[in-house]
Every structure is written in structure tokens, then in C-alpha cells.
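What follows is each chain in one-letter form.
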Amino acid sequence: MTFFFQNLVNALQWGSFYALVAVGYSMVYSILMLFNFAHGDIFMVGAYIGFGVSTALIALASSGAVVMPNWLILVLTILFSMFLTSFVGMIVERVGYRPLRDAPRASAAITGLMIGIILQTSTLALLGARRISFPSLIETTTYNVGGVFVTNKKIMIVLVSLLLALALHQFVRRTKWGMAMRAMAFDYATVPLMGVPLNTMVAVTFAIGSALAAAAGILFGVAYPVLDPYMGILIGWKAFVAAILGGRGSVMGATLAGFLLGFTEIFVVMIFPSTLRDLIAYSIILLILTFRPHGFFGEPYSARLRL
Amino acid sequence: MPFLRIQEMSHDFGGLRAVHNYNLEIGLGQIRGLIGPNGAGKTTIFNLITGIYMPTEGEILLDGKKINGLQPHQIASMGVSRTFQNLLLWRHMTVVEHVKMAHYSKISYGLFGAFFGTSKRQREEAEIEEKAYTLLEMMGIRHLSDQVVLNLPYGAQRRVEMARALATEPKILLLDEPTAGMNPEELVQIMDIIRRAHGELGLAILLIEHRMKVVMELCEIIQTLDFGQVIAEGTPKEIQNDPKVIDAYLGKERPI
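Heads up: the protein sequence lines correspond to chains A and B, in order. So that you can map any letter, position 44 of the first sequence is 44 in this note's numbering, and since no number is skipped, the others follow by simple counting. So that you can map any letter, position 236 of the second sequence is 236 in this note's numbering, and since no number is skipped, the others follow by simple counting.
By construction, these hints were calculated from the structure, which means they are not laboratory data. Careful: at least some of the hints might be erroneous.
Claimed, not checked - List time: in silico BS3-like cross-link candidates among lysine-lysine, alpha-carbon distance up to 30 Å:
no.	chain 1	residue 1	chain 2	residue 2
1	B	K65	A	K176
2	B	K171	B	K131
3	A	K176	B	K106
4	B	K120	A	K176
Stated by the list, open to error - Looking from chain A toward chain B, a few residues come up when the C-beta cut is under 7 Å (computed):
no.	residue
5	R174
6	T175
7	K176
8	A183
9	F186
10	D187
11	T190
12	P192
13	L193
14	M194
15	G195
16	P197
Said to hold, decoys possible - Label-pair distances were calculated between CB atoms; the ranges are:
no.	chain 1	residue 1	chain 2	residue 2	range
17	B	F115	A	F3	34 to 42 Å
18	A	L100	B	N151	33 to 41 Å
19	B	E8	A	D102	20 to 28 Å
20	A	A56	B	L28	58 to 66 Å
21	A	F272	B	H143	55 to 63 Å
22	B	E185	A	L113	49 to 57 Å
23	A	S107	B	N21	30 to 38 Å
These numbers were taken from a predicted model, which means no experiment stands behind them. Quick reminder that beta carbons are idealized off the backbone N, C-alpha and C, glycines included.
Using the sequences and the accompanying hints, generate a full structural model.
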């Protein structure tokens with residue numbers, strides 16, 4: 001039983017990353033019917049920006065100019081990096097996707113893949129191929145809760161992810177931008193006729209998705225402190241799977257599916273050898289999609305009319 | 001001076017000239033009809049006025065200001081509103097949310113207000129809700145306000161769309177086949193609503209419609225469009241007897 005709970009804790013942490021990244025895919029899809037395939041690499045850029053911000057803040061603190069405890073540095077790193085990465089998302093949209101707004105979706109998808117490669121290779125060119133270790137900002141403390149080992153980092157990662165998911169949920173439900181996003185998910189053409197600036201809404205959506213990916217990147221860096229320019233690829237693809245599994249365009253679905261993916265991967269390893277992890281985990285997901293092709297919260301596909 | 005004035009407007013889709021030298025003048029409180037066979041360019045004209053397409057040639061003046069080239073949301077906020085031929089509603093949103101959405105640009109509370117429920121938010125929300133309910137009352141769908149539109153009967157969905165269009169507080173309303181697919185009873189109701197929108201709110205209304213009964217009863221002046229060109233313009237009586245209109249649209253009586 002303790003073995004089960006130990007895995008549950010690990011799965012919650014692992015699922016947090018998927019959930020935060022998957023939400024970004026889902027939000028962009030819901031308003032533009034477009035999968036932003038550069039999103040995994042925005043996660044990577046977010047982690048690197050987090051590295052830069054935290055290094056700068058540590059230098060600032062150690063110079064004695066400002067007194068900052070480490071936890072405050074981490075909080076500020078997350079907030080600043082989310083802010084900065086949101087601009088990366090907006091630039092990607094402005095440069096890559098907006099000119100293709102009315103182009104066939106396949107062209108836009110390929111553009112996304114190319115932007116991804118550009119982000120990877122420019123990180124490589126700027127910072128070199130060496131792996132960078134993310135500064136350790138908090139000391140790991142391990143608590144033994146009835147035989148289950150829980151670290152303070154794991155608790156922090158899961159709580160921050162849940163907090164962000166909740167904040168996003170509230171944003172979509174309560175703000176006028178959220179209301180416009182929900183409307184755009186059903187019909188994109190009528191929303192500007194209500195006086196809503198379309199391009200602003202698209203930019204806001206990309207900004208929020210990218211900010212959440214940045215948060216995921218930093219939390220990832222806290223848990224596994226090694227960054228490399230290709231770290232976003234696999235997480236990006238898996239989060240994309242989560243977005244599909246959650247139902248295209250459903251924020252709630254993407255969050256839950258992200259956690260489910262984390263659980264599947266971790267629990268497969270409980271039973272099978274870990275080399276078979278992804279093989280078995282993704283066969284299970286494939287099976288779920290066979291019986292529920294539109295995911296948990298998605299609507300069965302229907303052709304949407306666009307002007 | 002007419003509220004909306006279109007001068008020599010043309011629009012090409014690739015090599016196809018969908019609208020050719022189109023002219024229109026419509027003042028506040030006037031109802032104009034636009035008829036013509038399918039594919040004549042009627043809906044394209046609506047899309048041009050609302051900024052979804054940009055005219056290849058010509059000018060659109062709203063209240064004396066040139067609006068071609070502006071973004072749809074800018075044109076909408078200048079008082080142009082429309083409904084669609086094939087209902088474009090936000091399927092899983094409630095009726096009252098549809099109407100609230102129209103007040104988007106008037107909502108001034110930001111993130112903080114939304115998350116912490118400040119008194120400013122409460123006040124604005126209360127104001128918007130009151131306006132929304134008044135409008136839904138007028139449309140006779142107040143009792144449906146918390147229903148998701150997907151579950152409503154067709155006639156009610158049409159009214160939601162009309163309510164949404166009116167909620168933006170427009171000066172000119174473009175109605176694209178508002179009675180399409182309606183039964184006779186719903187037809188009478190929607191005509192009543194159009195008359196009230198015209199009479200009580202003093203809007204300029206441009207109406208695309210295939211049902212001659214509706215056009216002839218509501219409109220003061222009717223334009224007939226064929227292959228993107230106006231082939232006849234006049235009062236309902238003149239239009240009904242115009243040989244060109246009969247030829248292109250109404251159909252001839254043929255001896256057997």
C-alpha cells in the first residue's frame with residue numbers, strides 16, 4: 001500500500017508538467033483550431049529563461065544589494081519567467097501564425113514544427129550544446145508520511161500546478177477575456193462583431209499558454225535540474241497527447257488528462273519493466289482514444305463553419 | 001444625410017466579381033430590403049459592410065466616416081450589428097451569456113476585479129445583467145436565459161441571435177434571412193420583433209430575405225441583386241411588377 005502511495009505522489013508530480021503544458025495546446029486549439037507544435041519548445045525556452053532569471057537574481061542577492069531568501073528568488077523567478085515567456089509566445093504567434101490565419105491548417109501545423117526547430121537550434125547556437133544545470137534554490141527536505149517519502153519540492157510542484165490550473169479556470173469563467181475565449185471556441189467569426197478585438201484575444205491566449213509552459217519548465221528544472229535544448233520535444237509531444245485525450249479545446253480536460261498521463265506512465269512501471277514504460281503507457285492511451293476519439297470533454301467532431 | 005452610404009463598391013473573389021458597383025443609402029429609421037437569387041452577392045455585401053471582407057473598390061461611409069479597411073471589431077463598435085443566415089451561436093453557452101458578450105467593450109473591471117469580486121465588478125455585472133434581462137424580456141425569451149442555446153428550439157435560437165445583435169446597441173442592423181426555416185407562427189413573431197426594433201429603437205435595418213411576404217410588408221424600398229449587380233430598386237409594388245426582377249428572381253408565369 002505504501003508502494004502505491006509512493007507512486008501516487010510521483011505520478012502527481014510527473015503529471016503536473018504534462019497538465020501545465022497540455023493546457024497551452026488546448027487553449028490555442030480551442031480558439032484557432034490549430035495545434036501549436038512549437039509549444040513544447042516554448043516550455044524549453046521557459047526553462048532557459050527561468051535559468052537566466054534565477055541566476056541573475058542569485059547574483060543580485062549574493063552581491064548584497066538586496067536581501068532575498070531563496071524561496072523568494074524562486075517565486076520571483078517563476079513570475080518573471082512566466083511574464084517574459086509570454087512574450088515569446090506572442091512573438092511566435094505574430095511572426096509564425098498570424099500571416100497564416102486563413103491558410104490551410106496543415107500549413108500552420110508545419111510552421112509550428114519549423115518554429116520549434118528554430119527555437120531549439122537558436123538556443124543551441126546561443127548557449128552551446130553543453131547541458132546547463134538549473135540552480136538549486138531550495139534544499140530538499142524529505143518527509144516520511146507513514147512510509148511514503150514526500151519531498152518539499154514535490155509538494156511545491158504539485159501545489160503550484162494546481163494553483164495555476166485553478167487560476168486559469170477562474171480566468172476563463174470570470175473575466176471578459178475568458179468569456180470571449182469560450183465564445184471563440186464555438187464560433188470564431190461572430191466574436192469580433194461583439195466588439196472584441198480578435199488579434200488581441202489570440203495574443204492573450206498565446207501569452208497565457210506560454211506563461212504556463214514557462215512555469216512547467218521551471219518546476220521541471222527544480223525537479224530535474226538539467227536543461228538541454230531538446231528537452232521540450234518529448235514533453236511537448238506527450239502533452240499534445242494529453243490535450244487530445246482531454247478533448248480538443250477543453251482546458252479542464254487537458255489538465256485532467258495531463259495528470260492521467262503522468263499516472264499511467266508511473267503505474268506502468270509499478271508492474272512492468274521501466275524500459276517498456278512508454279510502449280505500454282501509450283498503448284493504453286491509444287486504446288482509450290479508439291473508444292473515445294474525441295477525448296474526455298471534447299465534442300464529437302463536427303465541421304465548424306468559418307467565414 | 002444617410003447613416004450608411006455605400007458608393008460604387010465592388011468586390012472580387014479571385015477572378016470572380018461578386019459585387020459590382022453597388023450603391024446604397026440608408027438613414028436611421030429606414031428599412032431596406034435586399035433580394036435576389038442564391039449567389040447574387042447579398043451575404044457578401046453584409047460581409048463587406050461588417051469588415052469581414054475588404055472591398056476591392058469603392059467606399060463605405062458610416063455616419064460620414066470611411067470604414068472600409070477597419071477591423072470587424074472596430075466597425076461593430078461604431079454601431080453595426082448583424083445576424084447570420086445559418087445561425088452562428090456559441091453552442092454551449094447560455095442565452096444570457098450571449099447577450100452579456102455583446103457588452104464586452106463596456107466591461108472595465110480587470111483581472112483583480114474578476115478574481116476578487118470587487119464592488120466595481122458587482123456593480124458592472126448587475127448593470128449588464130439588468131440590460132440583458134430587459135432585452136430578453138422584449139424578445140420573449142427571458143424564461144430561457146439560463147439555458148444552453150444548443151438545447152433550444154430553432155425559433156428560440158433565432159431570437160437569441162437577434163437579441164445578441166441588438167445587445168451591442170447598434171444603430172444599423174443587418175439581418176440575413178431572419179425567417180429562414182421558421183414556421184408560420186414563428187414568422188409572425190419575428191416580424192413583430194423586427195418592427196419593434198425599428199419602431200422602438202429607431203434603427204436602420206437592412207434585410208436579406210427570400211420570403212416575399214416578409215420583404216413586401218416590412219421594407220419601404222427594395223433592391224434586387226443578380227450576379228452582383230443591382231438590377232432594380234424601388235418600392236415593393238414597383239419591384240413586384242418589374243419585368244427584370246420577375247425574370248431573374250420571382251419567376252415568370254409560363255403558359256403550359
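Subject >> Contradicted hints - numbers only >> reply: none
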